[in-house]
Amino acid sequence: MTSKFSKYDEYGFVRADDFDYVEYEQFMSVYLTVLSKRSMRWARIMTSNPQLKKTARLKQFVRKGIPLSLRAQVWTSISGVQKMKDKDGPNLYKQMLNKPINEDIKNIISVDVPRTYPDNIYFYPTSENHAALFRILYAFAAQNPNIGYCQGLNYIVGLLLLITKNEETCFWLLRVLVENKLPDYYSKTMDGVIVDIEVFSRLVKKKFPDVSQHMTNLDMPWALVITKWFICLFAEVLPIETTLRVWDCLFYEGSKVIFRAGLMLVKHYRNELLACEDIASLAECFKSIVQQPFSLNCHVFIKEMFKNIGSLPMALIDDLRRQVSAERNADKSTYKNRKG
Amino acid sequence: MANRAVPQRPNGQTPGKICQFKLVLLGESSVGKSSLVLRFVKGQFHEYQESTIGAAFLTQTIHLNDVAVKFEIWDTAGQERYHSLAPMYYRGAQAAIVVYDITNQDTFERAKNWVKELQRQATPGIVIALAGNKLDLNTMRSVQTDESQTYAYENGLMFMETSAKTSANVTEIFKAIAEKLPKNENTNTAGQGRRLVDSAEGSNKSLSSCCK
Chain A
32 MTSKFSKYDE YGFVRADDFD YVEYEQFMSV YLTVLSKRSM RWARIMTSNP QLKKTARLKQ
92 FVRKGIPLSL RAQVWTSISG VQKMKDKDGP NLYKQMLNKP INEDIKNIIS VDVPRTYPDN
152 IYFYPTSENH AALFRILYAF AAQNPNIGYC QGLNYIVGLL LLITKNEETC FWLLRVLVEN
212 KLPDYYSKTM DGVIVDIEVF SRLVKKKFPD VSQHMTNLDM PWALVITKWF ICLFAEVLPI
272 ETTLRVWDCL FYEGSKVIFR AGLMLVKHYR NELLACEDIA SLAECFKSIV QQPFSLNCHV
332 FIKEMFKNIG SLPMALIDDL RRQVSAERNA DKSTYKNRKG
Chain B
109 MANRAVPQRP NGQTPGKICQ FKLVLLGESS VGKSSLVLRF VKGQFHEYQE STIGAAFLTQ
169 TIHLNDVAVK FEIWDTAGQE RYHSLAPMYY RGAQAAIVVY DITNQDTFER AKNWVKELQR
229 QATPGIVIAL AGNKLDLNTM RSVQTDESQT YAYENGLMFM ETSAKTSANV TEIFKAIAEK
289 LPKNENTNTA GQGRRLVDSA EGSNKSLSSC CK
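Protein chains in written order, with the working numbering: chain A, 32 to 371; chain B, 109 to 320.
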């Protein structure tokens, strides 16, 4: 295979053996032009709106992609990190590093650090990134004793580190995601993510009833395929550039973006999913669609996900969340009563 | 591929019966669930196996005489908090491998809890195998073979000590499970004669075979 692209991508991830270099080359030849245009426009908005105050124009800019060199700064500005820092003080990270945490939590973090992106050239035993990853997860656990550590956070922090290259920034961005953007995904009962998986399945039922019916017919619970989508916020699921573009919007607009991205996958690969005749081929199909050309082409993916899913107001998601939670609570108390 | 542990059917032979079974792996974090699957399915081992989030799906087929047994393998996340998702993963499973790490007593206790839960809540008659993994770290062992063997016997489980690293007993445990699973058609109605589990307790009625 002749290609100007190396075995590793620009973030240090090794490309899969079956990586489609031809498809990627085609995509990049277009996307590089997009990137340089976006870069120039971002340079202008950084001058005209240096505080990055939330405006309709800024939202559009974020949806069209934040340049890599500005991501750390823009993510920090648009996500509300500053408000957190004002409230908790700028020395919080250092304080948390000195706070003792539960030994079990510490152990599981230690075990997970070396198995976070083991194929990435920037993560290897004794690398500074490994040490930083441990410290960020440790400080986060110290700050959030009710959460401690949830497997999956390692992938989120790892990716934050690769982008921001600053562990303290990562700590604050992680906090803002877990504490403000997502509802209770990583707690000891993971209630938030269980609810959101059910919310997602109801959204699919509403928007793509044939896919929903097909899942039911093949006896495939959504949790089997999409838990990782939600927990890792598509890190380790979608191609890296697409994940980062989803995160751009996530930091600005919040968790509904995760639903949009998931629904987009279902919509675009609807025929492929419907063609699966049993649960095994359906599981394989879900594994493969996230790496196919449409998922790789981040620019088109994001554009379509805002244009072609139809309206998805936060109020609807919140309603569904309340509904599902209430049903779960009712189930729990029925179960308790039956037992008692 | 060169290391693939399971011999494939030679070309030209007419395929016999194909049986499909759902198998789930359960056990504490970092005991080697994903590594066992990776060894069984791809013949590989990674010193630093990425932690599984939610569930991962793989398939592998092994051949027993005239029957091809296709495993649909659901590998799961081990951290305690993922427990609430587990019933969705083991629902409808005909077989389970409950894994612990022979160098870590806590993981054995956790394995016992999984066994209890499966016997109480999973498909009645589910075939359960207990795997004491990391046999390559025998010198650091803290769970004695006798102890696990006795526990397995008393609870009607199959039991093997395995090493995903050296591949010791990996194919063997899947093969033993395959042999134990019912492969006669219409097990629900006609298969009462076949004993599915060693355990004296529990009904076997609901475990159906999936043979074509």
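These are computed hints drawn from the structure, not numbers from a lab. Note that CB positions come from ideal geometry on N, CA and C, so glycine has one too. Among the hints, a few may not be true.
As the list claims (entries may be wrong) - Heads up, simulated DSSO-like pairs for lysine-lysine below, C-alpha to C-alpha not over 27 Å straight-line:
| hint | chain 1 | residue 1 | chain 2 | residue 2 |
| --- | --- | --- | --- | --- |
| 1 | A | Lys38 | B | Lys224 |
| 2 | A | Lys137 | A | Lys236 |
| 3 | A | Lys219 | B | Lys273 |
| 4 | B | Lys220 | A | Lys363 |
| 5 | A | Lys318 | B | Lys220 |
| 6 | B | Lys150 | A | Lys137 |
| 7 | B | Lys178 | A | Lys363 |
| 8 | A | Lys137 | B | Lys178 |
| 9 | B | Lys224 | A | Lys318 |
| 10 | B | Lys178 | A | Lys219 |
Said to hold, decoys possible - One-sided excerpt, in silico: chain A residues whose CB lies under 10 Å from chain B:
| hint | residue |
| --- | --- |
| 11 | Phe239 |
| 12 | Trp260 |
| 13 | Phe261 |
As the list claims (entries may be wrong) - Reference excerpt, derived from the structure (chain A facing chain B, CB under 8 Å, subset only):
| hint | residue |
| --- | --- |
| 14 | Asp143 |
| 15 | Ala162 |
| 16 | Arg166 |
| 17 | Gln182 |
| 18 | Lys219 |
| 19 | Gly223 |
| 20 | Leu249 |
| 21 | Asp250 |
| 22 | Ile262 |
| 23 | Cys263 |
| 24 | Ala306 |
| 25 | Cys307 |
| 26 | Ile310 |
| 27 | Ala314 |
| 28 | Ile320 |
| 29 | Leu347 |
TODO: Against chain B, run the beta carbon of Ala314(A) and see if the smallest gap drops under 8 Å.
DONE: Where the cut-off is 8 Å and the nearest Cβ of chain B is about 4 Å from Ala314(A), the hint holds.
Open item on the list: For Lys150(B) and Lys137(A), compute the direct alpha-carbon distance and say whether it is at most 27 Å.
Closed with: violated, 32 Å
Task: Hint validity - Leu347(A) Cβ closer than 8 Å to any chain B Cβ - done: Because about 25 Å separates Leu347(A) from the closest Cβ in chain B, which is outside the 8 Å limit, the hint is violated.
Task: Proposed interface contact between Ala162(A) and chain B, which counts if any beta carbon pair is under 8 Å - done: violated, 16 Å
Task: Interface hint status, Leu249(A) versus chain B (Cβ within 8 Å) - done: With a closest approach of 11 Å, the Leu249(A) hint is violated.
TODO: Below or equal to 27 Å on CA atoms is what counts here, so check Lys224(B) against Lys318(A).
DONE: Violated: Lys224(B) and Lys318(A) sit about 32 Å apart, past 27 Å.
Open item on the list: Just to be careful, I want the Cα atoms of Lys220(B) and Lys363(A) compared with a cutoff of 27 Å; is the pair within it?
Closed with: Distance ~25 Å between Lys220(B) and Lys363(A) Cα, so the pair holds.
Open item on the list: Hint Cys263(A) vs chain B: min CB-CB distance below 8 Å?
Closed with: holds, 6 Å
Open item on the list: Would the hint linking Lys178(B) and Lys219(A) be met if the CA-CA limit is 27 Å?
Closed with: Between Lys178(B) and Lys219(A) the Cα gap is close to 35 Å, so the pair fails against 27 Å, i.e. violated.
Task: Arg166(A) as chain B interface residue, shortest Cβ-Cβ below 8 Å - done: Result: violated, 19 Å to nearest chain B Cβ.
Open item on the list: Quick check on the hint: Phe261(A) CB to chain B CB, less than 10 Å?
Closed with: holds, 8 Å
Open item on the list: Is the interface hint satisfied for Cys307(A)? The criterion is a beta-carbon contact with chain B at less than 8 Å.
Closed with: violated, 12 Å
The structure does not agree with the numbered hints 1, 2, 3, 5, 6, 7, 8, 9, 10, 11, 15, 16, 19, 20, 24, 25, 28 and 29 stated previously, though it agrees with the rest.
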